[in-house]
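**Q** Residues per chain, in single letters:
Number of protein chains: 2
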Amino acid sequence: MRYKMIFSYDGTMFNGYQVQKEKRTIQEELEKALTYINAKKKTKVTSSGRTDRKVHAKMQVAHFDLDITITDYKLKRALNSLLPEDIHVISVLKTSSDFHARYMVKSKEYVYTLNLGEYNPIERNYVYQYNRSLDISTLQQSIKYFEGTHDFRAFISSEDKRENTVRTIMKTDILMDNDIIRIKFIGDGFMKYQVRNMVGLLIEIASGKKRIEDVERLLLLKQRKEAIKTAPPEGLCLEKVNY
Amino acid sequence: MRYKMIFSYDGTMFNGYQVQKEKRTIQEELEKALTYINAKKKTKVTSSGRTDRKVHAKMQVAHFDLDITITDYKLKRALNSLLPEDIHVISVLKTSSDFHARYMVKSKEYVYTLNLGEYNPIERNYVYQYNRSLDISTLQQSIKYFEGTHDFRAFISSEDKRENTVRTIMKTDILMDNDIIRIKFIGDGFMKYQVRNMVGLLIEIASGKKRIEDVERLLLLKQRKEAIKTAPPEGLCLEKVNY
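First to last, the protein sequences are chains A and B. Numbering of the first sequence is given in our numbering, commencing with residue 9 and proceeding in unit increments. Numbering of the second sequence is given in our numbering, commencing with residue 9 and proceeding in unit increments.
Next up, chain A with everything else stripped away, as it sits in the complex:
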């Protein structure tokens, strides 16, 4: 039986989502718990995509298959009792056998959080502490250039050799709550480092180091030959995955 699972995690103490030898990862913790529940049969988890080291998720989605029979409610409880306190299963529901957590994604929502105010110890792992001045109106203007279908090659690593780097961003937003700035992107898919590089460029523009026109110029460049400052991971959170 196939299950669709919605879960959250605090990425601080993980070496990212994907299994890596001898490192603590989210995928490894999930597979360990599910394998135990699935009568010790090695159980694989397929998520909507990976997140990097120190990146968080409020509603990540994955699928997996179980041989045993268990109610959704009991499965959620069993998982949460086995998982460490920095991962939490929000819901787990039986789904059709052709549901695929990665291939069927319609859109994803990412939020990047900046703190322009006083450093706050209890938020230190969840925001990018930015103590220079930023022009919010410039930030609001420049982010809009990311909307639409573009080749985001300039915003991924030069070592990333994938063929198709065209993605669509349906919506962007800047949300403000006093000194906390939340930069939101909704798109059909995001590549490794793409959000952090887009945010890095926006910060350079809003702090006067680059110009608003640089967004368009880099989107038309279609190659990674210009250095962009990658914003640090702790400010990034996968907020939602839509199917």
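If you're looking for bench data, these hints aren't it; they were derived computationally from the structure. Note that this is a predicted model, so its numbers are computed, not measured. Just so you know, not all the hints are guaranteed correct.
If the Cβ cut is set under 7 Å, some of the chain A residues that face chain B in the computed set are [claimed, not checked]:
1) 16
2) 90
3) 92
4) 93
5) 94
6) 96
7) 126
In silico EDC-like pairs for lysine to aspartate or glutamate, Cα to Cα no more than 16 Å straight-line [to be verified]:
8) A:66 with B:126
9) B:84 with A:126
10) A:66 with B:131
11) B:200 with B:117
12) B:66 with A:131
13) B:52 with B:37
14) B:50 with B:60
15) A:230 with A:159
16) A:192 with A:242
17) B:66 with A:247
18) B:66 with B:94
19) B:40 with B:73
20) A:84 with B:126
Note that CB positions come from ideal geometry on N, CA and C, so glycine has one too.
Fit chain B to the given chain A structure using the hints.
**A** Just chain B, lined up with the frame of chain A:
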């Protein structure tokens, strides 16, 4: 020269505020940094009061004396560069030599945070996760009985042998933000465990295990002979100290 310092901390990884042998405490970290700055002369820090293990502070206040000459701005910078990332100095200002961070307190504000909704890994160290139902209107009614001047003997530890256990609570409030409930107390002073025991009783009342009248009854009891569930420390935060 005497200084008044306002600072914040994430209590999660500390064994409370006060120095204890071979344990990591907030006072110890502050005194270590200040002693280093004060030309290695042993420097003592006096705060407005202690906080327990895992309890946080948004604006704690302390005073200390330095022999060296340094601007307030440079002192703040030096402190923050020496302090660990879970303590942060918000401001430090020269003050009169008779300022005393403990004796001159006019009032203190504490907030206790409950999460009645889905467990959220990134908030796990800052809220008390409460997954049974609570009657908010009962909570709102019963907290009001704490306002005024009362003998809070029944709300401290039976081992606490201090003479004067009369305190005044000027204001209480219940703030709601979806599933997050914040219980606020402003008073002229709070004793060890007092806030967590008041919250513990309020939760028992709002969950139907005790009655609203029990607040008054315990305030008139003037002794600790009845067990109250002490609410866990991670939900508690010292928000402000007024002089």
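**Q** For a C-alpha distance cap of 16 Å, please report whether residue 50 (chain B) and residue 60 (chain B) respect it.
**A** violated (24 Å)
**Q** Between residue 84 (chain B) and residue 126 (chain A), does the CA-CA distance stay at or below 16 Å?
**A** Given pair residue 84 (chain B), residue 126 (chain A) holds - Cα atoms ~12 Å apart, limit 16 Å.
**Q** Hint residue 90 (chain A) vs chain B: min CB-CB distance below 7 Å?
**A** At 14 Å from the nearest chain B Cβ, residue 90 (chain A) fails the 7 Å test, so the hint is violated.
**Q** Would the hint on residue 126 (chain A) be counted as holding, given a Cβ-Cβ threshold of 7 Å to chain B?
**A** holds (6 Å)
**Q** Between the alpha carbons of residue 66 (chain A) and residue 131 (chain B), is the straight-line distance 16 Å or under?
**A** Holds, at about 11 Å.
**Q** Should the interface hint for residue 93 (chain A) be scored as holding, given a Cβ-Cβ cut-off of 7 Å against chain B?
**A** holds (6 Å)
**Q** Can you confirm whether the C-alpha distance between residue 230 (chain A) and residue 159 (chain A) stays at or below 16 Å?
**A** Holds. Residue 230 (chain A) to residue 159 (chain A) sits at ~6 Å (cutoff 16 Å).
**Q** Under the criterion that the straight-line Cα-Cα distance not exceed 16 Å, is the pair residue 52 (chain B), residue 37 (chain B) satisfied?
**A** holds (11 Å)
**Q** Check the hint pairing residue 66 (chain B) with residue 131 (chain A) against an upper bound of 16 Å on the C-alpha distance.
**A** holds (11 Å)
**Q** Need the status of pair residue 200 (chain B), residue 117 (chain B): alpha-carbon distance at most 16 Å?
**A** holds (14 Å)
**Q** Does the interface hint hold: is residue 92 (chain A) within less than 7 Å of chain B, judged Cβ to Cβ?
**A** Constraint on residue 92 (chain A) not satisfied, violated at 9 Å.
**Q** Please work out if residue 40 (chain B) and residue 73 (chain B) have their alpha carbons no farther apart than 16 Å.
**A** holds (14 Å)
Violation of the numbered hints given earlier is confined to hints 2, 3, 14, 17; the remaining hints are satisfied by the structure.
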